[in-house]
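**Q** Okay, here's what each chain looks like letter by letter:
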Amino acid sequence: MTRRSRPGTTQGTAGTVPVGWLRRGAIGLALLTLVLYPVLRPDAAYPQTVLLMAFLLAIMAVSWNIISGYAGYISLGHSAFLGLGAYTAGILSVRWGINPLYLVPAGGLVAMITAVAVGSVVLRARGHAFVIITIALLLALQVCAVNFAGITNGSDGITLPLPSWPRDLQNVPFYYIFLALLVATVGFSAWIRRTKFGTGLVAIREDEGKAAAIGVSTTVYKVLGYAASAVFIGMAGAVYAYFLTFLNPIGAFSIVVSVTIVLAALLGGRGTLWGPVVGAFVVQGVSELATVQSGATGGRLVLLGAALMLVVLFLPAGLVPTLASLGSRRRGRGGAVEYLDQAAALQVRPLEVRQRHWPDAPADAGGRDAQPLLEVRGAVRRFGGLVAVDGVSLTVAEGSVTGLIGPNGSGKTTLFNLVTGAISLGRGEIWCAGERIDRLPPWRRAHRGLGRTFQVTRLFAGMTVLENVVAPLPQFRWRSLAADAVSGPEAARARELLDFVGLARFADQAAGTLSYGQQKLVELAQVLMLEPRLILLDEPAGGVNPSLVERIAAIVRDLNRQGITFLVVEHNIPLVLRLCDPVAVLSAGRLIAQGPPDLVRADPVVLEAYLGVDEAGFEPASGSGRGTTGESG
Amino acid sequence: MLSLRGVHAGYGGGDVLRGLDLEVAEGSITCVVGPNGAGKSTVLRVISGLLPARGGSVVLDGSPIERLGSAAILARGIAQVPQSRALFGRMTVRENVLLGGYLLRRDRALVERRYREVAELVPLIADRSHQRAGNLSGGQRRMVEIARCLMLRPRLLMLDEPSLGLDPRSLAAVTGVIRSVIEAGATVLLVEQNVRLGLGMASHGVVMEGGRVRLQGSAAEVRDNPEVAELYLGGAPGGTGRPCAAGDDGG
Amino acid sequence: MAQLVQAILLGLLIGGVYALMASGLTLIFGVMRIINVAQGAFLVLVAYLTWWIWSRTGTDPILLSLVMVPLMFGAGWLLYHGVFRRIRGSTPSMSVLLSFGLAILIEGALGLTAGTRFRSATPSYFDESFRVGSLALPKAQLYGCAAAVLVLGLLYAVLNRTWAGRAIRATAENPSGAALVGISASSVAALAFAIGTATAGVGGAVLAVLYPFFPASHYDWISRLLGIIVLGGMGSLPGALLGALVLGMAETLTATYGSLRWSTLVFYIVIVAVLLLRPHGIFGARLREDG
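Chains as they are written, first to last, in our numbering: chain L, 5 to 637; chain A, 433 to 683; chain X, 172 to 462.
Think of the hints as simulated: they come from the structure by calculation, not from any bench. Quantities reported herein were computed from a predicted structural model and do not represent experimental measurements. Ideal Cβ placement from N, Cα and C applies to all residues, glycine included. Honestly, I wouldn't trust all of these hints.
If we take Cβ atoms under 10 Å as the criterion, some of the chain X residues that face chain A in the derived model are [said to hold, decoys possible]: (1) 260; (2) 263; (3) 334; (4) 340; (5) 344; (6) 345; (7) 347; (8) 348; (9) 349; (10) 353; (11) 354; (12) 355; (13) 449; (14) 450; (15) 453.
Here's a subset of chain A near chain L, in silico, CB distances under 8 Å, partners left out [as the list claims (entries may be wrong)]: (16) 467; (17) 556; (18) 558; (19) 625.
Here are the simulated distance ranges between beta carbons [stated by the list, open to error]: (20) 430/L with 305/X: 53 to 63 Å; (21) 228/X with 559/A: 54 to 64 Å; (22) 430/L with 293/X: 30 to 40 Å; (23) 449/X with 356/L: 48 to 58 Å; (24) 387/L with 553/A: 28 to 38 Å; (25) 479/L with 358/X: 49 to 59 Å; (26) 563/A with 305/X: 45 to 55 Å; (27) 223/L with 486/A: 35 to 45 Å; (28) 120/L with 538/A: 58 to 68 Å; (29) 538/A with 387/L: 51 to 61 Å; (30) 555/A with 558/L: 32 to 42 Å.
With the sequences and hints as input, model every part of the structure.
**A** Following this line, the structure appears as structure tokens:
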């Protein structure tokens, strides 16, 4: 009987917590209280207003979390969407004379379209460009709102019609509308996190290069995430305009609100589901206290600025994850897992390799004389003055396990990176299955059936093992994106793959807690999720025990028998000679030998490449039993 | 002069160096060879203080240095020419070499004197002093890196694969400079991929594999030992040719 | 025609001042990969201090930079060791958040102590100009530009002729190489940060004379500065100079021929355009490729 430990609460793990039922009960109770509050205390106008502002902040923080928490692309201008929604509702309701509440979808739509437009241009790049552009976007919108006075009435602002319900209801309807929107937003965020799309977003945050290598179309994902983070804010903006009844550019496109959103989400816990909600309530509460006490805006700003700095410096993970880890530490959870039944625990299930139908596949795939699956033609790549790959032409036959060896600095890793698209090709061409791939981004190559593992494993530490294996995207299909990551066909396939590598029992553990060898196996499972034709293995035996090396070799042979082609870079020469045929040898960026392993092993040119030549070009007779020549290589 | 005992060190998960023992005698030229992943570069990084040792000791002239930071170890006279990316490409050759004397910067006259000495030893410096370092070829860069290290007159000069990426002509020039340095009396510890070249310059040879020392002796003994070839292309007897984390079989 | 020349000239003068203000920002980024969004707030802070001293003592505001520079240098050094050093390993986004918090803190503090009215230091030459032919060279702009050029020259000298400056350049270019020659990364970082804030000492003093300001002005300024260093290349001082001159002229030309209200939009457009088309700017280092 095996015992499995419950997963810990790592950041971003979809809703799995040590005390699941307790938490659900608490949430339900809180929700019930909030729903009943205006009914029980209909005259408490001020607390109601504070609460509804907290709802609004929570809506924005939860939405912000989608692009900045899950995907890790921090937006410092997110209140732009609130302003867009508000102005949409304001302008149209005044112009058409309708109740702004009918314009809520329009607000969401305008926000979403803006996000898609800006995102598809900006999110092609990586890094800090995004955060700067979001600030610029917000400030630019402010300027536009002031200057396009014909539409927006400039600094004079827009006055909306007063609420249409009886006076004594006061803000209660707004209370319930915002509460409903909050529930919807939280549900939306939870749903996203649970899908394959959500795992892709987290993958982008953790390691965007690796995400691209496993087929995640990073640009599309990011744009979608940005749009998803905008839509509910836009809708809330329309309601907000109605609530305020007066809009002006500075108030609608407020940088202070943007900062408050970031503070709320950061304080509560960026990347978690409930963190932004908790943070929003805390921030709103403190903000109200501050306004009541000091009154002046200066005091509020000082508090806000100081709070943001303190959170970034001392509590960057946020309240929810910190408290959760304290709690689990107190209960003594986490750490090593014990297994009472070792034999069953080590069992490996066989796998049926899933092959997609490749339109150009020959009738009988496999065999030594099959057409080349991968063709590198005259690849050249320089780094500054150094030529790492110097005109390499290499073919990998379909159905083979081709080895690639060479001394340090010979260009093996660079060649790998060129094939997978991690770096760009200087000159030359790369063809895969009759199609030129050297201009494609890494995820398109993955969609064409090219997978790779990494010399130093790159798993997404913020997700469970199962989520790591669900994240790869073999083909871009909208339905796959919406697939559930924890149950359903995608997850089932992922479990199958984990079974194959013998790690099924780790499915719900955080990927960062696995040992190095286990991580290598998970990476292999990730690659198999891509339904690949060609797998590039980057030093599979590097840093692992001999018994695991044997297991990996057995896996490779099994998969190869089922039709997957391999290209293996290795330093472990005995393994290469046992496993691979043919073997190619690189030295100083050039291909110096290629052929069956025994011939390569005995080739003096290869020996020379490894052992080197001294200045005079002398090679003393050692090992290879041949005489010296005066020529150097 | 320098001795390492039972040193363990690594990056991330496992250990790359697993109980390494090494002696460098004053005035010797020791060349460390071994297959990839044996931990050769790691040894140099540990000695220079760029990578902390997880266990064992590094002793220089009787005092332990394994806990010192890299600047302190430099001040004690151990300088390293790393494998790559040591130069400041946008600065001139002269500025690059001068920066080698950073620790001596308070004494301008001394720095100038050392610069002249180094320029004599490595003529390239004088020839191309105002050229941008980034525009130099691989071999020229290597020579500037060596010159930079010489500014401090190090007691122990360490070189990490000086021949890496060099064509034969540059190789000859670089080895010429290394030989001049040896003649000037420095103790040298070099890691070399090119076994024959490295052992050809050295007085002592050390063969590493799997994070430990497998063979030691005079350079001539090591060079002519057929086991060395076996190590590179066939793995050590009973070994996999790679360091590995103990007990990790993925189970 | 004269109007064009006038606009260009004014743009160059203003560009010189912008270059000084942006130099600190780009230096800090180059050495530490920290985007100090609070630089605008530093400028406004110094402007307030300058105004305050000028209004009480009548000392020329631009001369007051002699006082402001050491003050800001010390403040920057303390800020680095106390605050920014802790996020040394994090992503640039975290530094944006942290410095944004600082900027807002400063804004709030200024609002509380000095009120939110527009202020401006108006020494005697405030609205006088030198006449050269048909061109008018406003004295304030000219003095400001002169001060800026002087300080930029000093900065250049420090960076290229002193050991500290070499250490800064070395660390900015190759941190591991710098460590190899014994350069202490944290003292270089603190020095660079302090120099960066010290430039705000001069920039803010000049600002006090040239433009009216109030606590929230720092948004305008940081937008300008970000536009400049993004265009010129983040981390590059020649880039900051070039970017400042180009954008200075663009701004004055837009104000002259277009409308004053749209001139600030120029910076946002530039930021977006450059980050999309040529993310590393004109002189910026190309980011290393991911392996």
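**Q** Next step is simple, just say for each hint if it's right about the structure.
**A** For each hint, the structure was consulted:
no.: 1; hint: 260; verdict: violated (16 Å)
no.: 2; hint: 263; verdict: violated (21 Å)
no.: 3; hint: 334; verdict: holds (4 Å)
no.: 4; hint: 340; verdict: holds (7 Å)
no.: 5; hint: 344; verdict: holds (5 Å)
no.: 6; hint: 345; verdict: holds (5 Å)
no.: 7; hint: 347; verdict: holds (7 Å)
no.: 8; hint: 348; verdict: holds (5 Å)
no.: 9; hint: 349; verdict: holds (8 Å)
no.: 10; hint: 353; verdict: holds (4 Å)
no.: 11; hint: 354; verdict: holds (6 Å)
no.: 12; hint: 355; verdict: holds (6 Å)
no.: 13; hint: 449; verdict: violated (19 Å)
no.: 14; hint: 450; verdict: violated (20 Å)
no.: 15; hint: 453; verdict: violated (15 Å)
no.: 16; hint: 467; verdict: holds (7 Å)
no.: 17; hint: 556; verdict: violated (15 Å)
no.: 18; hint: 558; verdict: violated (21 Å)
no.: 19; hint: 625; verdict: holds (5 Å)
no.: 20; hint: 430/L with 305/X: 53 to 63 Å; verdict: holds (55 Å)
no.: 21; hint: 228/X with 559/A: 54 to 64 Å; verdict: holds (59 Å)
no.: 22; hint: 430/L with 293/X: 30 to 40 Å; verdict: violated (60 Å)
no.: 23; hint: 449/X with 356/L: 48 to 58 Å; verdict: holds (49 Å)
no.: 24; hint: 387/L with 553/A: 28 to 38 Å; verdict: holds (29 Å)
no.: 25; hint: 479/L with 358/X: 49 to 59 Å; verdict: holds (53 Å)
no.: 26; hint: 563/A with 305/X: 45 to 55 Å; verdict: holds (48 Å)
no.: 27; hint: 223/L with 486/A: 35 to 45 Å; verdict: holds (42 Å)
no.: 28; hint: 120/L with 538/A: 58 to 68 Å; verdict: holds (60 Å)
no.: 29; hint: 538/A with 387/L: 51 to 61 Å; verdict: violated (37 Å)
no.: 30; hint: 555/A with 558/L: 32 to 42 Å; verdict: violated (58 Å)
Hint compliance for this structure: hints 1, 2, 13, 14, 15, 17, 18, 22, 29 and 30 are not met, and every other hint is.
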